[in-house]
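**Student:** Each chain, letter by letter, is given below.
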Amino acid sequence: MGFYAPAQLVRDAREHGVEVRPIDVNASGWDNALEGERVLRLGLRQIGGFHEEWAKALAVARGERSVVSLEDAARRAALPARALQLLADADAFGSLGQSRRDAGWEARRVPPVQLSLFAAFDAPELGVEPDAALPPMPPSEEVVFDYQTQRLSLKGHPMQFLRADLARRGVLDCATANAARDGAKVRVAGLVLIRQRPGKGNAVFITIEDETGIVNALLWARDLEEQRRAVMAARLMLIDGEIQRSKEGVIHLMVRRVTDATAALSRLTGGQGTAPPELRKHPRNVRIIPKSRDFH
Amino acid sequence: MSVVPAFAEAVAATNFSFLRGASHPQDMVLRAWGLGMTGLGIADRNSVAGVVRAYRAWQDVTRSDGRPFRLVAGARLVFADGTPDLAAHPMTRHGWGRLTRLLTEGNRRAAKGECELRLPDLLDHAEDIALIAMDADEALLEALRAATPCLWLAASMPRGGRDSRQLVKRMALSARTGVPLIATNDALYAGPEDRPLQDVLTCIRQGLTVQTAGRRLAPHAERHLKPPAEMARLLAACPQALHATQDWLACIRFTLDQLVYHYPREPVPDGWDAQGWMEHLVMQGARDRFPDGLPDAYRETLAEEFRLISSRNYACYFLTVHDVVRFARSLDPPILCQGRGSAANSLVCYLLGITPIDPVREKLLFSRFLSEERDEPPDIDVDFEHERREEVIQYIYKRYGRERAGIAATVIRYRQRSAIREVGKALGMTEDVTARLSGTIWGSWGGGDLPDKRMAEAGFDPTNPELVRLQDMVGQLITFPRHLSQHVGGFVLSEARLDEMVPVHNAAMPDRTFIEWDKDDLDTLKLLKVDVLALGMLTAIRKCFDLLRDHGLRDLTLATVPLEDQPTYAMLQKGDSIGTFQVESRAQISMLPRMKPRELYDLVIQVAIVRPGPIQGGMVHPYLRRRNGEEAVEYPGPPGEIRSVLEKTLGVPLFQEQAMKLAIVAAGFTPAEADGLRRAMATFRHTGTIHHYQVRLIEGMVARGYPLEFAERCFEQIKGFGEYGFPGKPCPGLWLAGLCLVMAEMPSSGDLHLRVAQQPADGFLRPGAAGAGCA
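Chains as they are written, first to last, in our numbering: chain A, 1 to 296; chain B, 297 to 1071.
Bound-form chain A, shown alone (with noise of 0.2 Å):
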């Protein structure tokens, strides 16, 4: 169900003006809620894997005193260590002032069984560790991660950080390519939303996505067979095209060419950082950014 992916929604959402605030263990329920007249938190069920239980025995701790620690979190909740760890590759320690990557250190650092002596004092078992002192992470990789946890970020667009070489190259952004005369050629790039070649399949329509906006492009069936690898395979597409405005406003980008530049995605990571472990992939197998949803 549902046309759009989260992160679309959740744009859509920010742009009429809804505050939507981040998962973070001591506010968010299984759900999505609302926590103000325009406010929104992202609930649990938006991370991959996490499971409903474990957010109500969250939720259950939560209503005695907030969590103050991992590892209270694992106690008083009796969260399994991968709960912990999901929990931490989402980021959603940052009310215990914790980022994603100290976060998913401490996560490791639980011992999966309370001894009893701890217990009896109800003390945290864990130590102060000396700082290890690891680099922040830098914002691309904040953003990535957050789409491979969650399918979308709030701290930003995967584009925003190709920005720069783009615009070097000529290549507009979606905003700018929508405000556009009539017949003028451009060139965008972004994320591929949606592909869809609905009926008799005479056109395709594409939409890309990237921090300004999305562009809707159409590709006539006739067009694609040269092309056709890289239409399907793009997850980032580089579109050349010509921009149409209908009189009733409607705006659509003409394809003439589709190039695939889905490699530039894997520079978000700066080559060093990958999936995290949870997800258990094949180095060669993970995604940078999720799937596109295509319909046919």
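These are calculated hints, taken from the structure and not from any lab test. Don't take each hint at face value.
Claimed, not checked - Taking lysine-lysine and the BS3-like style, the derived pairs with C-alpha atoms no more than 30 Å apart in a straight line are:
| hint | chain 1 | residue 1 | chain 2 | residue 2 |
| --- | --- | --- | --- | --- |
| 1 | B | K870 | A | K185 |
| 2 | B | K892 | B | K749 |
| 3 | A | K247 | B | K944 |
To be verified - Restraint ranges, calculated between C-beta atoms of paired labels, are given here:
| hint | chain 1 | residue 1 | chain 2 | residue 2 | range |
| --- | --- | --- | --- | --- | --- |
| 4 | A | V250 | B | P488 | 36 to 42 Å |
| 5 | B | M805 | A | K155 | 37 to 43 Å |
| 6 | A | R169 | B | R894 | 44 to 50 Å |
| 7 | B | R622 | A | V39 | 38 to 44 Å |
| 8 | A | V113 | B | E687 | 34 to 40 Å |
| 9 | B | Q990 | A | G49 | 54 to 60 Å |
| 10 | A | W220 | B | R366 | 50 to 56 Å |
| 11 | B | Q990 | A | G183 | 40 to 46 Å |
| 12 | A | E242 | B | Q862 | 53 to 59 Å |
| 13 | B | R501 | A | W220 | 41 to 47 Å |
| 14 | B | G1001 | A | G183 | 58 to 64 Å |
Glycine residues also receive a C-beta, built at the ideal position from the N, C-alpha and C atoms.
Here the structure of chain A is known, so what remains is to put chain B in place on it, guided by the hints.
**Tutor:** Relative to the frame of chain A, chain B by itself:
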């Protein structure tokens, strides 16, 4: 040339003997008929899943030709305890029940897809079943004969090199035990040309490649349906075995049309009959909806519906659906639900609270749902909140019992990707090759074969003999059934035991069981099903209502959502509809500013016209032009005649419903003919029967004073409908759901945040909730 001997192949497998049979049931039937056999016995491995398809094909061939040709439904029993295979064909309705019970027992004690049978099970259930022992010793034959008097021993010439010796042995065994021989070729496919595919299937089944399979493949292409003359020649030493096929046919009196079935009586209280109780409930609903008394138009419609339902004895069906809906609403908190589909045409459904639309006000045709002329069971689909549908499903199991309630099957078929992968593997190609080949397929794009060009693009030489073979095999394997799975929510409920009608299987999901026949099979046999569907949007709506209530903003229900909220339409007119059910797709969004919807019906029309059908028919633009005042709204022909039909859509036929009414009003069709037209539209792509109606419609309209050009345009439009699935009628039901959201999103105060709250609730379900309610 001597007279062709009478012969019927008693043991024919179809491709529902998964990965063994290499022909579709219909192909087996056609071939057997074409060869001049007097009958065909279907016998798939521990299953009767293919018999209804065979039955359909049999109906088709025998309808056009009076030559006697019988179809015998049965199964091949394959045992887990080493007993040789037996073909089992029920002789009577009772025997059929014994067979399906037997298979059910075997299925229920095994994992999904398996059937675990042992000889004593059969001996317990053999009553009224004709058995053919494919291989046997004296002891087995004695044991079987004690269980059923109708027993044969297979006589075949399988070209194994020892045929004659084996036949002599069988003849001796037959003489000793008195069990007659019956001629059979134990067919696995229709013609010898199917053998390569059968080899590939064997390899897929056993995880082999054709290069390494060696003797595990059949040594020859002889396991096909053979002409009677050829069978006679092969078994010249034993002519009585051929005659026996006629004896075998003669003792089988069971045919699938004997499977009559009754709806459960549970919902009817003691002291009432079903029809009376249904009418009572409907009148109760009428009093709630129309406290000032039922208007005359409704009274007439209702009387007509009652009469039809009573004449067809469908009251129990309505009551069963009503019961399920009532249960869902009685929970705390209640589960949102509403009927959809053609049930929306029924006033009875509306007054029973199953559907939310008033069909009289919306001028819907009841005959779309149920008609005198059309001998088809009604079909009521009900949507439930997807996260809570399991509660409804378990209620149904509990209320009727697993012997009497089961989910219909869905036949999972080979698609291009899976076919390429598996055939490629069987042909010895490596995974990187098959992955690259199947990677060029995008959904059903292009359909059919893998074009050479695409192969070349992927870096393969399309003339390579291996790839040519792959293409050929993939083309044959596509649409082959692969395994059975459960339908998304179609329940078959029955007064008598369901497992005496059709075998029941364990599903992969815990606490689910399903029957062996799919939707088409049920239609063929006229078994009724209730669709208990999961609609995520209802969950989203419920969550949205909850949020509104919890935050003290509004207290809404499906029934009290305001449908005239102008800020909502203002928002939609701008094309600002992301996350709004039904109008959020690309095409819908770009239509909104052109359409400028002002009321619910505008949205109903928009959803209907933004799809290929009407575009094909060239009718959308006239509608938009007329709507924007660029073209005059006119109603050709006799004044006032078609105005009533087409007024709501400004004189442009947009709905199938209208096409049918148009045919009645303007071309003088009878309702039955109009329904024929509808069916022709629905199957246009396959059959092309719509052209029978072309002359009739156009001449009818011209004769009644319509311009030829207009009549032709109407027909083109109707034909355009047929090219695609298209809206049968306006479906305000779903719209109501959609609009609830919009309204909830945009209360007059304009606080849009609710829309957002709703969106994550639904759009976001996927990551976490997959598996829970979506299956």
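**Student:** Determine for every hint whether it applies to the structure shown.
**Tutor:** Hint-by-hint comparison with the structure:
no.: 1; hint: B:K870 / A:K185; verdict: holds (26 Å)
no.: 2; hint: B:K892 / B:K749; verdict: violated (44 Å)
no.: 3; hint: A:K247 / B:K944; verdict: holds (26 Å)
no.: 4; hint: A:V250 / B:P488: 36 to 42 Å; verdict: violated (59 Å)
no.: 5; hint: B:M805 / A:K155: 37 to 43 Å; verdict: holds (39 Å)
no.: 6; hint: A:R169 / B:R894: 44 to 50 Å; verdict: holds (46 Å)
no.: 7; hint: B:R622 / A:V39: 38 to 44 Å; verdict: holds (39 Å)
no.: 8; hint: A:V113 / B:E687: 34 to 40 Å; verdict: holds (36 Å)
no.: 9; hint: B:Q990 / A:G49: 54 to 60 Å; verdict: holds (57 Å)
no.: 10; hint: A:W220 / B:R366: 50 to 56 Å; verdict: holds (54 Å)
no.: 11; hint: B:Q990 / A:G183: 40 to 46 Å; verdict: holds (43 Å)
no.: 12; hint: A:E242 / B:Q862: 53 to 59 Å; verdict: violated (37 Å)
no.: 13; hint: B:R501 / A:W220: 41 to 47 Å; verdict: holds (44 Å)
no.: 14; hint: B:G1001 / A:G183: 58 to 64 Å; verdict: violated (48 Å)
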